[in-house]
Amino acid sequence: MMLQIKPILSALRRHKAGALLIGLQIALTLAIVCNALFIIQQRVAHLSAPSGIDEANLLVIQNDWANKWTTQETDVQVRTDLVALRQLPGVHDAVASNAYPMRGSGWDQFITLTPDQTTPTGDASVYLGDEHFLDTLGVRLVAGRNFRPDEVHPIGNRENVMSPVTIVTKTLADKLFPDGEALGKSIYAMTSTPTVIVGIVDVLQTQSLANWQMKHAYESLIWPLRAASGTGIYYILRAKPGQLAAVRKEAVKTLYAQNRMRIINNDGGVLDYTQIRQRAYDSDYGMAILMGIVCAVLLAITAAGIVGLTSFWVSQRRKQIGVRRALGATRGDILGYFMTENLLISLGGVLLGVVLAIAMNLWLVTRFEMHRLSMFYVLAGVLLLLLLGQGAVLAPAIRASKVSPVEATRSV
Amino acid sequence: MLKMTHLAKVYRTEVVETYALRDFNIDVKEGEFVAVTGPSGSGKTTFLTIAGLLETFSGGQYHLDGIEVSQLNDNARSKIRNEKIGFIFQAFNLIPDLNVFDNVEVPLRYRGMKAAERKQRIMDALERVGLASRAKHYPAELSGGQQQRVAIARALAGSPRLLLADEPTGNLDTQMARGVMELLEEIHREGATIVMVTHDPELAARAQRNVHIIDGQVVDLAEDPRFHHAVHEARTGTPA
Numbered sequence: 032m033m034l035q036i037k038p039i040l041s042a043l044r045r046h047k048a049g050a051l052l053i054g055l056q057i058a059l060t061l062a063i064v065c066n067a068l069f070i071i072q073q074r075v076a077h078l079s080a081p082s083g084i085d086e087a088n089l090l091v092i093q094n095d096w097a098n099k100w101t102t103q104e105t106d107v108q109v110r111t112d113l114v115a116l117r118q119l120p121g122v123h124d125a126v127a128s129n130a131y132p133m134r135g136s137g138w139d140q141f142i143t144l145t146p147d148q149t150t151p152t153g154d155a156s157v158y159l160g161d162e163h164f165l166d167t168l169g170v171r172l173v174a175g176r177n178f179r180p181d182e183v184h185p186i187g188n189r190e191n192v193m194s195p196v197t198i199v200t201k202t203l204a205d206k207l208f209p210d211g212e213a214l215g216k217s218i219y220a221m222t223s224t225p226t227v228i229v230g231i232v233d234v235l236q237t238q239s240l241a242n243w244q245m246k247h248a249y250e251s252l253i254w255p256l257r258a259a260s261g262t263g264i265y266y267i268l269r270a271k272p273g274q275l276a277a278v279r280k281e282a283v284k285t286l287y288a289q290n291r292m293r294i295i296n297n298d299g300g301v302l303d304y305t306q307i308r309q310r311a312y313d314s315d316y317g318m319a320i321l322m323g324i325v326c327a328v329l330l331a332i333t334a335a336g337i338v339g340l341t342s343f344w345v346s347q348r349r350k351q352i353g354v355r356r357a358l359g360a361t362r363g364d365i366l367g368y369f370m371t372e373n374l375l376i377s378l379g380g381v382l383l384g385v386v387l388a389i390a391m392n393l394w395l396v397t398r399f400e401m402h403r404l405s406m407f408y409v410l411a412g413v414l415l416l417l418l419l420g421q422g423a424v425l426a427p428a429i430r431a432s433k434v435s436p437v438e439a440t441r442s443v
Numbered sequence: 009m010l011k012m013t014h015l016a017k018v019y020r021t022e023v024v025e026t027y028a029l030r031d032f033n034i035d036v037k038e039g040e041f042v043a044v045t046g047p048s049g050s051g052k053t054t055f056l057t058i059a060g061l062l063e064t065f066s067g068g069q070y071h072l073d074g075i076e077v078s079q080l081n082d083n084a085r086s087k088i089r090n091e092k093i094g095f096i097f098q099a100f101n102l103i104p105d106l107n108v109f110d111n112v113e114v115p116l117r118y119r120g121m122k123a124a125e126r127k128q129r130i131m132d133a134l135e136r137v138g139l140a141s142r143a144k145h146y147p148a149e150l151s152g153g154q155q156q157r158v159a160i161a162r163a164l165a166g167s168p169r170l171l172l173a174d175e176p177t178g179n180l181d182t183q184m185a186r187g188v189m190e191l192l193e194e195i196h197r198e199g200a201t202i203v204m205v206t207h208d209p210e211l212a213a214r215a216q217r218n219v220h221i222i223d224g225q226v227v228d229l230a231e232d233p234r235f236h237h238a239v240h241e242a243r244t245g246t247p248a
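So the protein sequences, as listed, match chains A and B.
Residue 32 is where the first sequence starts when you use the working numbering, and the numbers rise one by one after that.
Residue 9 is where the second sequence starts when you use the working numbering, and the numbers rise one by one after that.
Because the hints were derived from the structure by calculation, they are not lab data.
It is possible that part of the hints are untrue.
Stated by the list, open to error - Partial chain B-side listing against chain A, Cβ under 10 Å, derived: (1) Thr53; (2) Gly60; (3) Ser86; (4) Ala99; (5) Asp105; (6) Asp110; (7) Glu113; (8) Pro115; (9) Arg142; (10) Tyr146; (11) Ala163; (12) Arg186.
Where a beta carbon is used, it is the ideal one built from N, C-alpha and C, also for glycine.
Work out the full structure, taking the sequences as your base and the hints as a guide.
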């Protein structure tokens, strides 16, 4: 088989329209597929982002109150509930909180390093919990200490209680104090009251999963405040290994046994982390699947376009193929001709496609705060489109190679 | 140069076998200019396609330049076509997407010849047919006679051992036909072996030797009554 690039280019110059259309289709497909695959990868990475907690053994109960209690009355009930829950045989520990990781939305707090600072240094997701919080969620303390029972106070709905101590994630600590030790330092939650960092935990994912907050996904802090909101709270329970199903059965019964004046929704009031993840990432799953379908459809349409155009060219050039065979072309030469022709069109298409892909990504970056497209995806897209082109052209090219040289003598 | 012995070509369908060539014998010596004539459907074109290794045959033997070709595979046949045979077709068969230069280059590229040698041969061949100045023109920009000259240049460029011409003037007017014929005669005088299929008796008369085919067999016209019947039928429209 021999290289036939120059005559192929000459012939293509005489068939500009078809070649241009396929080239453009390849370019657009590449631009869209690269960006779509990149978005899928981002979504999948999002899905598998670690939460830092013992997801396998955690259960979250959304507990709303049926009476109108004061904060003190609510706190009494919460403490009673917690004692009862912690005594369940399958329960390792339990805590009352305002939120849980991956809840979808939550309390977000700007953090400053001085009381009069107007621009925040950090943006932290706030968790409330007593000295059982770390143990219940399975969060690892890497520096400092846990809260002491005497530091824990109740907090009601919309109450402004500022705790003098806090535990922060390592990510938040590094963000607030990039040059030094965060432990023992004071921070301000946009008030003049300082909060001293007494502990640093390894990883604790935030409550919100919104795209715009992705860069703050691990900036969390915990205040030693026992959630005692008169409207409702979350009980987070950590089951002993293998006991989650049993705890799920007993926990709600136990709570109702303490006091029936509460509402726990049968249908979404008790969630384990498989369910929480599914709810949290439902739109990501959906987006990834949709993007995948869009890619597959685009690739199929492009492949069909290549098959169609090449088949048309093969039937249009039947006589010409016969002449080439008569003049000494082997079947391999004819096969190579059509494969090379496709490769040249595809190369033109992917070159333009690379520019389009990068331009499209830049637009997405500026318009939707997306990440910069990794060159790996561009290269993978280029390879994919080139292989797709060669795959699509194979069948018509093989048909062309089977044209008999005797076609040269046919009068039509 | 070209020797067919008891050669047969049968086209088979589910219900019928049709002999296009039967017990076909021909021997063309090196340097000969042979015209193959015969009525339509006699097997002239079949003979030419087999002679040019464009088709296989069903039986008998065919030696081309000393090589028995019946057992050759497709690639070997392509190689022989490329190196030993130059084709001149009735419909010229130039590739419309390629200019004159690139058209003449086609068989040389398949031979894997180096670019400099290709260029030399192409320009020599185009000079030979008087079309060197049209190298950058496309076939559609040339007259029929010029296109056939390009086709002859394409056939000559590879220095083939045998030129096969299929009604080379069939698509040309008388003046252009004369020019092409004179070119073929000139090429023959320079030593080429030419086998030309034609049904034009005037053209055939200019060849060195005439071979007549009737019903797929070479016949001696003086002795074969079938020829006289065919002539009668051609003249009167009724069977003899």
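Checked hints:
A cut of 10 Å between beta carbons decides the hint on Thr53/B: the least distance to chain A is about 6 Å, and the hint holds. Interface restraint check: Gly60/B against chain A, minimum CB-CB distance 7 Å, threshold 10 Å, status holds. For Ser86/B, the interface hint holds, since its Cβ comes within 10 Å of a Cβ in chain A; the closest pair sits about 4 Å apart. Because the beta carbon of Ala99/B sits about 7 Å from the nearest beta carbon in chain A, less than 10 Å, this interface hint is met.
Here the hint on Asp105/B is kept, as its CB sits about 4 Å from the closest CB of chain A, short of 10 Å. For Asp110/B, the suggested interface contact is upheld, since its CB lies about 5 Å from the closest CB of chain A, less than 10 Å. A hinted interface residue such as Glu113/B counts as satisfied when its beta carbon comes closer than 10 Å to some beta carbon of chain A; here the least separation is about 7 Å, so the hint holds. Checking Pro115/B against chain A: minimum C-beta separation of about 4 Å stays under 10 Å; hint holds.
Proximity of Arg142/B to chain A is violated relative to the hint, the smallest CB-CB distance being about 16 Å (cut-off 10 Å). Interface hint status for Tyr146/B: upheld, as the beta-carbon distance to the closest one in chain A is roughly 8 Å, under 10 Å. At its closest, the beta carbon of Ala163/B sits 9 Å from a beta carbon of chain A; the interface hint therefore holds under the 10 Å criterion. Interface restraint check: Arg186/B against chain A, minimum CB-CB distance 23 Å, threshold 10 Å, status violated.
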